[in-house]
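Protein chains in written order, with our numbering: chain A, 1 to 181; chain B, 182 to 291.
One or more hints might be untrue.
As the list claims (entries may be wrong) - Restricting the straight-line Cα-Cα distance to at most 27 Å, the calculated cross-link-like pairs of lysine-lysine (BS3-like) are:
hint	chain 1	residue 1	chain 2	residue 2
1	A	K2	B	K263
2	A	K2	A	K150
3	B	K263	B	K183
4	A	K37	A	K2
5	B	K201	B	K183
6	A	K45	A	K180
7	B	K263	A	K180
8	A	K127	A	K180
9	A	K127	A	K168
10	A	K41	B	K263
11	B	K263	A	K32
12	B	K220	B	K263
13	B	K284	B	K183
14	B	K189	B	K291
15	B	K220	A	K2
16	B	K201	B	K273
17	A	K2	B	K183
18	B	K263	B	K190
19	B	K222	B	K190
20	A	K2	B	K273
21	A	K2	A	K49
Honestly, the hints are just simulated from the structure, not real lab data.
Here is how the chains run, residue by residue.
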Amino acid sequence: MKELSMHILDIAMNSVKAEAKLIEITVEDSIKNNSIKITIKDDGKGMSKEILENVANPFYTTRTTRKVGLGLSMLKEASERCNGYLKINSQLGVGTIVESFFERNNIDRAPLGNIADTILVIVNSLKNCNLIYNHVVDDNSFTISTQQLKEILGEVVISDSNVVMWIKEYVNENINDLYKN
Amino acid sequence: MKNFELAKKLDLESLLEIDKDIKVEGVYVGDLLSVVMSKAKADYIWITIQTHINVMAVAELLDISCIIVVENMEVEADTLQKARELGIPIFKSRESAYQVACKLNNMGIK
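Please put together the full structure from these sequences, using the hints given.
Here you go:
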């Protein structure tokens, strides 16, 4: 995948498939520590020990069909190529936490990509599920929560085109501001 | 060869309006920048799907003659800005890396 945001989208889709009620994505971009850490946490079905052990193995399939795609294998490869790691914690009935770490200035580290578009695609695929997105750049951070948005919007649906445009601008502006300081 | 001649022969979209004589010593196809850095050479044409600004850093470091972005990938504005600053021609093709490489081979570039 050309951009880290594509990985985020892919992993978040696993959470949607796992019937999560809340997905929390945190991108910690630290120029000081020369690191990028991406954490995707959900309260979905979780994975059994057997699936968890094989989840980053691209040739592993369960007897029926694959329960997860190749996304975790690709994220593992992408982070390890940049002197980083992929950690997955999962418990049946509790949820899953996927954490990936990248050396920020590694020449093979893919760019973050378009976070606002990624958030919108995820938001569009949510059914009875909320998303919290946190973006941290060293000491500054930005958070957007669909739960809060829904409370403010009241009767207006989050997929309304005006709302979508607003979210896009709001996320872009706030993330750009984090990099100005 | 003039960069616009190359664009015409390969049916490329020129992303920079610069008129430049380019030397072509060879061609390298690659997307993993660390590998490109160790394998591509000066005055090579570099064919890639990568579009972020690091591409320009690698091209400048190696003295790449020009970059051909394939598969119609969108090139970021800061990448184009850097290409302009460095005077490195950058083109875009709708074709695959293989198709562009074959055309270069047919032109006699080995």
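Hints, one by one, checked against the model:
The suggested pairing of K2 (chain A) with K263 (chain B) holds, with an alpha-carbon distance near 19 Å, which does not exceed 27 Å. Only pairs whose Cα atoms come within 27 Å are accepted, and K2 (chain A) paired with K150 (chain A) is rejected, the gap being roughly 32 Å. Proximity of K263 (chain B) to K183 (chain B) is assessed by CA-CA distance (about 21 Å); at most 27 Å being required, the pair is judged to hold. Distance restraint check for K37 (chain A) and K2 (chain A): the Cα-Cα separation of roughly 17 Å lies within the 27 Å cut-off, and the hinted pair is therefore satisfied.
Restraint check for K201 (chain B) and K183 (chain B): satisfied, since their Cα atoms lie roughly 6 Å apart, inside the 27 Å limit. With a C-alpha separation of about 39 Å, the suggested pairing of K45 (chain A) with K180 (chain A) is violated against the 27 Å cut-off. Proposed proximity of K263 (chain B) and K180 (chain A) is supported: the alpha carbons are some 20 Å apart, at most 27 Å. The straight-line distance between the Cα atoms of K127 (chain A) and K180 (chain A) is roughly 35 Å, outside the 27 Å bound, and the hint therefore fails.
Taken as a hint, the K127 (chain A) and K168 (chain A) pair is honoured in the structure, with Cα atoms around 20 Å apart against an allowance of 27 Å. For a cut-off of 27 Å, the pair hint linking K41 (chain A) to K263 (chain B) is broken: about 37 Å separates their Cα positions. Restraint check for K263 (chain B) and K32 (chain A): the C-alpha separation of about 25 Å stays at or below 27 Å, so the hint holds. With a C-alpha separation of about 22 Å, the suggested pairing of K220 (chain B) with K263 (chain B) holds against the 27 Å cut-off.
With a CA separation close to 17 Å, the supplied pair K284 (chain B) and K183 (chain B) stays within the 27 Å bound. Distance restraint check for K189 (chain B) and K291 (chain B): the Cα-Cα separation of roughly 19 Å lies within the 27 Å cut-off, and the hinted pair is therefore satisfied. Of the pairs offered as hints, the one joining K220 (chain B) and K2 (chain A) holds, with about 21 Å between alpha carbons and a cut-off of 27 Å not exceeded. At roughly 17 Å between alpha-carbon atoms, K201 (chain B) and K273 (chain B) fall within 27 Å of each other, so this suggested pair holds.
Between the alpha carbons of K2 (chain A) and K183 (chain B) the distance comes to roughly 31 Å, so the proposed pair goes past 27 Å and is violated. Note on K263 (chain B) and K190 (chain B): the hinted pairing holds, with a Cα-Cα distance of about 25 Å set against a maximum of 27 Å. A distance of roughly 23 Å separates the Cα atoms of K222 (chain B) and K190 (chain B); the hinted pair therefore holds under the 27 Å criterion. With a C-alpha separation of about 17 Å, the suggested pairing of K2 (chain A) with K273 (chain B) holds against the 27 Å cut-off.
Taking the CA atoms of K2 (chain A) and K49 (chain A), the gap is about 31 Å. The hint is violated against a cut of 27 Å.
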